[in-house]
Each structure stands twice: as C-alpha cells, then as structure tokens.
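Student: Model the full structure from these sequences, guided by the hints.
Take a look at the letters that make up each chain.
Number of protein chains: 2
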Amino acid sequence: MSEMRSNLRIDGPRLLNRLADLGAIGDTGDGGARRLALSEEDRQGRNWLKAQMHALGLTIATDKIGNIFGTLPGREDGPPVMLGSHIDTVGTGGRYDGALGVLAGLEVVAVLRDAGITPRYPVCIAAFTNEEGARFQPDMMGSCVHAGVLSLEEAYAARDADGVSVGDAIRAIDAIGTLEPGSIKPRAYLELHIEQGPILDSEGPVIGAVTGVQGIRWFEITLEGESNHAGTTPISYRRDPGLVASALNVEARQVADSILDQRCTIGRMEFTPGQINVVPKRVTMTLDLRNPNDTHLDKAEHHLKEFLATTAKAHGVSVSIQETARFAATPFDERLIVAVEGAAKEMGHASRRMVSGAGHDAQLMAAIAPAAMIFVPSVDGLSHNPREFTKPEHIVAGGDVLLAATLRLADA
Amino acid sequence: MSEMRSNLRIDGPRLLNRLADLGAIGDTGDGGARRLALSEEDRQGRNWLKAQMHALGLTIATDKIGNIFGTLPGREDGPPVMLGSHIDTVGTGGRYDGALGVLAGLEVVAVLRDAGITPRYPVCIAAFTNEEGARFQPDMMGSCVHAGVLSLEEAYAARDADGVSVGDAIRAIDAIGTLEPGSIKPRAYLELHIEQGPILDSEGPVIGAVTGVQGIRWFEITLEGESNHAGTTPISYRRDPGLVASALNVEARQVADSILDQRCTIGRMEFTPGQINVVPKRVTMTLDLRNPNDTHLDKAEHHLKEFLATTAKAHGVSVSIQETARFAATPFDERLIVAVEGAAKEMGHASRRMVSGAGHDAQLMAAIAPAAMIFVPSVDGLSHNPREFTKPEHIVAGGDVLLAATLRLADA
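Order-wise, the sequence lines are chains A and B.
Note that the numbering used here has the first sequence beginning at 809, numbered continuously upward.
Note that the numbering used here has the second sequence beginning at 809, numbered continuously upward.
What the hints contain is simulated information worked out from the structure, not anything from laboratory work.
Small disclaimer: the values here were computed from a predicted structure and weren't measured.
Just to be clear, a hint being listed does not mean it is correct.
Copies of the same chain are indistinguishable here, so a pair counts whether it falls within one copy or spans any two.
Below, simulated DSS-like cross-link-like pairs (lysine-lysine); rule was C-alpha separation at most 27 Å, straight line [stated by the list, open to error]:
| id | residue 1 | residue 2 |
| --- | --- | --- |
| 1 | Lys1199 | Lys1153 |
| 2 | Lys993 | Lys1089 |
| 3 | Lys1199 | Lys872 |
| 4 | Lys1121 | Lys993 |
| 5 | Lys1089 | Lys1113 |
| 6 | Lys872 | Lys993 |
| 7 | Lys1089 | Lys1199 |
Tutor: Okay, here's the thing in structure tokens:
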C-alpha cells in the first residue's frame, strides 16, 4: 500500500479549476477577488464550498462562529488530521490567499476517494471565519474562537465600520451553525498557503517548511512638541516631533539590521499641521515589530523605547505609546515540520525551513494541536493585491506536498 | 529745533487705540483678527485706514494693485521717506502683524503735525496689498508689483481656492486705484514689525535693528519605493521611502547645526498607503531652507540634495524634487540700520542687530530703495495666531524708535 501511495499525485487541473471557480465569486474584474467576511460574496463562497464538500461525500458541520468542517472518515475514529485555511479575502484581495489551503485540502480528499484509500484517521477540511480581519477585528477570528482565545460573545460583538455586528452579519447570511467552537481538536493541523513574501520567488526552492509564525507587536505613538514658524524660530528654540519621529525610523532600521530576524516597519507618520513653513506640533505614527524569537523581540522593543524616550527628552517632545496588538511568536511542531520536509523530498521538491512573516489560522491551532504550514512562492512577493499570483506548477507542487504530508500523518 | 525734536515721543495710548480699532474689523472674538486680502473685512480695513489718513490731512493715492499711500508733504519736494507694512491678515491672524507698521507710521505723522513740524522731505505711509498670501499667492503681492518683480497682469490672474481672481476681487471691493504701481520710489523705506519669533522676547533687548531678510528655498519632494507587507518582506528586500524621508530629516538637523545661521524645516511628510503593517509605497514631503547668506544656503541645499540622492539610491527609492519658492537673501541698507540703532539709543532703548526669519514687504522695497526694519518682541514668539501679542510698552518703544529714525532720514 505504501508503494501505491508514493505514486499518488493530486489532479492539478482539478485544483486549479476549483481555485478559478471560487475566484469567480467576488471577482473584481482585475484578477482579484473581494469576499469580505460575512458579506454576500462570503455567503456565496461558503455555499459553493459546502456543495463541493457534499459532492465529495464529506460529513459537514458548521460551528457557532461559522467555521466550516468537512470530514472524511478514517478506518479508526478519533481526532482527525485537519487541513485548513480560510476563504474570506481583504477588500482588494487575490485568488490564492486562504483559498489555496482549503481547496488543496479538498483535492487531497478527492485523490484519496478516487484511489479508494481510507486513511487510518479521519481527514477534516476546515475553512475558518474571518481570517483577514478586513471588515471585523480581530483578524483570525474563527480560529481564535476555535482555540478558545476569543469568546463567542466577544466575537459576536465586534462591529464593522458601518456598525454592523458579527452576530447580526453571521445570522444575516445564515452562516451560523450548531457545533460548539473547539469541538474538533485535531491530532495534527496542516495549512498550505502562499508565502505572501519574496523569499521563495527570489531565492527558491519551491517549498517552504514553515517553522513558526513571528511574534508581532504594534504600537501607535503620539509625539507632542510645539508648532513654530519655520523662518523665525532658531533651531535651538524648536521642539520638533517630526525630527524625533524621523530619528526613530532611522534607529528602527539599525535595530532591524543588528538583531537576528528582526523586522521593524514604520508605515505611517502624520504631521500636524503639516505645512511647509511650520515646525509640526504633533506627529502620530505607527511601529510594527516582528521576530520569530520573543526574546529578540523584547530586546528590539526595549531598545527602541529607550531610544525614543531619550531622543524625545533631548528635543523637549512628549511621548505617548499605545500597544495595539501583541501576538507571541508561535513555533510549530518539530515532528510536523519534519513530515513536511519528508513529504517534499518524497514528491521530488527541494524545501527550506522558513518563518511565516504574516499571521495565519495555523498559529491559533498551534495552541491546541501540533501544527505546521507549507509555503509556496508568491510572484514578486505580492499579496492582498489583485496581482497576487502563484505559478500553476507551484500550486500543484504545494498540493502534492500537502497530500504526501497528510498521508504520513493520517496513517501514522 | 533738534533740541525740541529729541523730546518728541509718540502718543502711546493713541497708537494702541488705533490698533484696537483696526483689530475690531474682522475681530474673531478670541483676540485675533481675520482680514483676508481683498475680502469684505479688508475693504472695511482699507476704508478705515483712508479715513484716518484723511483726518490727518494726508494726500491719499491708491495704485492699480490697491496699495494705499498717504503722504505728508515736506519742505522740499522729492522722494519721500516711506513707512509701510500691510493691513491684511492670515485666516487666524493677530492684531499686530502688519497693522503695527502702518499704524505706527500714522502715529509718526500725527506727532509731527501736532508739533507743527514739517520735515525736509515728505513722509509717506504705505499699506501694501496682500502681504500674507493666505488667500492669493504669491505673498507680498502688492510690494512685488510695486518693486516691479511681478506684473500687474500676473497679479490680477492669481486665483483663490474658490477660483476668484485678484482682478475680480479688487474690483468687487473697489480697492483699485489709478496710480501706476512703482510710481513712488522712496528715498528710504522703514518698516516697524513684530519679530514673530522668540529671540527678543527670550533674550532681549526691546529693539531689533534688522540687518536683512533670510533667503528662502522651498522644495516639494516625492519619494517612490515599493509597498510591501511588513511581516513577510525581509528588510533587505525593502524599498522604503519613509526611511529615506526620515534620514533626510535627521540629516537636515545636522546641516542646520553645522552651517552658520542655517534653518531647515520638514513640516510635512505623508506616507501612502499609511497603514501600520505596510511598508509605504510613496512619501511626499516638504523642505524649507533659510539662511541670511545665499552662499551658505547654496551649501545647505547642495549637501541635502546629494545626501538625498545617495540615500535614496542605496534604498532603491526614486526621487522627484520640485522647487516651489526661491527668494534670495536681502541685506538691508547699512546707513538705515545705523539710523535705527541711533534712534533706539536716542530713545533710551538698547538694540541688537538681527535677521528677519519671515518675509516682509521691506525685502521687496529693498530692490528699489534703501530699506530697513525695526523689530519689537512677540510674546512667546507667537504670530499668525489669535494669541499673537506684543506688550504695550514695547509697541510704544517701537513707535518712538520709528519716529526718531524717521526724523533722522526725513531731515537728513
């Protein structure tokens, strides 16, 4: 039987067709898709997905936050191997982010059925609600509720920019199920995803064996100085928050260059009043710090806060810092990472270990089960963009590796 | 007669009353005034001013750009000593900026009339149109036209944010006169003005003998990089225009600290798309460079442009620079500066030489006549602000120095 299984491959055109079919729901006409969580397009996507699961003979269950599970029974009962991701998108999303992981899971199940294989343990395909957080915050909402780090009540109470709550939206599209969240605790969780970054596309190889998700810390910083006339105010009299903000940006780059795997991003700076001939009175800015190692992240945060305090004081500028997000670094399960590497080798693809720069449902699942991820290249690293693209041969490679890894885990 | 003249002093309460009367036109209720150029409030201010000139028996003439001249005849004909400034304000202006120079000029004339003194040369009080440039650009429009550096046609064609032209606005408030601009070429031009900066208020003394106006260069800079995901894009892959903009701000401070009298200001930076987790794609920013010495200003501009080009290149960011304003440094007339210093001493006030950080009508008049300025302190350096304030005793000191300097020049 292992002989036969090692010859198993996914049906590439079938997976690509499913990606095209789901991509047609919320098609934005420019290659992209828009299926905001719990929107009409999301409803259509969910119904399409359940129809696919139904056609494959899976047992379908939906939980109270709208997470959809389609299960192929195993020869034994017990916790399934779960293959999951999400089918919601950001406002200007692409066809691959999230969709790939769910549809490749369907393809794995389809191959097993076609080959007449019943694995030892059940295989469950999961689509988690509102991974993107584009309409309702927090992101990764469905997997947060599943993992028990967010209560159902908190999730229902979240509102979009129009004041519509998750509770109302989920009822409006009839996406609410009866399953208690967290009921299905898998023996292993695997998620195939596009990298959303440039590394595999630029440097290869085709398969990333993801060792974990970076820790993330977000800060909103307000610097208050004094508005002054650019012509009449000597430099020594100034209290310029723009200068302090700029110095922090330059220092953040130094930190990123000197601490292993550290990423620092200042994505926004707003100067008030923002006039050419006026020293700004106030600057609001953001700081995004990421590192796969929380100890390194602590070091980066500590250094930059010290630098900011010292620099602001030297310029007579006051500082207010609000932490708006904090996710600990999530290391994935070593046994699963090895399974992914072995599966890649079995399928004839080189792989490299790498860290996920973005957040994924897998990091929540890692709290309740062994978890890992498989990355395939994103052309030019683009994502959250209609031009998001992964080459068909890389889609197929990722699907094959997911299939082989699933067999290793579901028959272990 | 010189004995009698050395005892002459202005009537302080009368000058302060006139400042209050003009400040009541366009009173914003918070201590400030709003008399945008060629607005209804400007019309009322102009009519009030002409009535004051008429009551003093001055010969009134208005030119085709609306500059108002009221002349007290001298014992001899010939070019007058001109005492000028402006009565328009910015949108949220104060009671002193501009108004002080015109009304102190009126007070000088009033004192001479009261004392029965006819100076050797005429004394002409001038109020120039649209010094502020808050509604119509360029600023210092009336004195630019008077000095011949801006044509009447160009001035008439300037439009405000609502599309109303200067030509239409000046006719609508009946502020257009018959005098050809530039007809009156004074033998000397003096302008009393509030400092609009913190130096005299912080360090004293009461009187600034202004030696010139800084050169000014304005730049709008656009930096284009690449928008990338803050989590998935390693630092080495980034093309971050925000980092380049920030480095320029830090470098500009170094330049200001190392080149004599150099002022550098970055008053605006805008990050696009401006999201916490996205490396910005584009930054637009401003750069304001000032120095009383054009050679030093050249050096600052050259250094910062080189730094920007090098830094942007190193980060894969493209640079576009547009120069939006350039005024050469204007040194004032040494004989007039000495006259101001002598007048201050005669009136019992210490003075210091200083440079004007802001632009003034005097810098245009310097192109066609010997010119100088007298500064008095601005409390906390505030200006273009309802809280703009100069202490009554400093107003009176400035008026006395203007009176004494006028006598030195008009009887020379």
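Student: If the cut is 27 Å between Cα atoms, do Lys1199 and Lys872 qualify within a copy, between copies, both or neither?
Tutor: neither (36 Å within a copy, 70 Å between copies)
Student: How would you label the pair Lys1089, Lys1113 (within, between, both, or neither) given a Cα cut-off of 27 Å?
Tutor: Both, since 21 Å and 26 Å are each at most 27 Å.
Student: Please work out whether the CA atoms of Lys1089 and Lys1199 approach to 27 Å or closer within one copy, between two copies, in both situations, or in neither?
Tutor: Classified as between: cross-chain Cα gap 25 Å, same-chain 49 Å, threshold 27 Å.
Student: One pair to classify: Lys1199 and Lys1153, alpha carbons no more than 27 Å apart. Within, between, both, or neither?
Tutor: within (20 Å within a copy, 84 Å between copies)
Student: With identical chains, the pair Lys1121 and Lys993 could be close in the same copy or across copies; at 27 Å between alpha carbons, which is it: within, between, both, or neither?
Tutor: neither (51 Å within a copy, 52 Å between copies)
Student: With identical chains, the pair Lys993 and Lys1089 could be close in the same copy or across copies; at 27 Å between alpha carbons, which is it: within, between, both, or neither?
Tutor: neither (53 Å within a copy, 42 Å between copies)
Student: Could you place Lys872 and Lys993 in one of the four classes (within, between, both, neither) given a Cα distance threshold of 27 Å?
Tutor: within (16 Å within a copy, 85 Å between copies)
This entry does not satisfy hints 2, 3, 4, going by the numbered hints stated previously.
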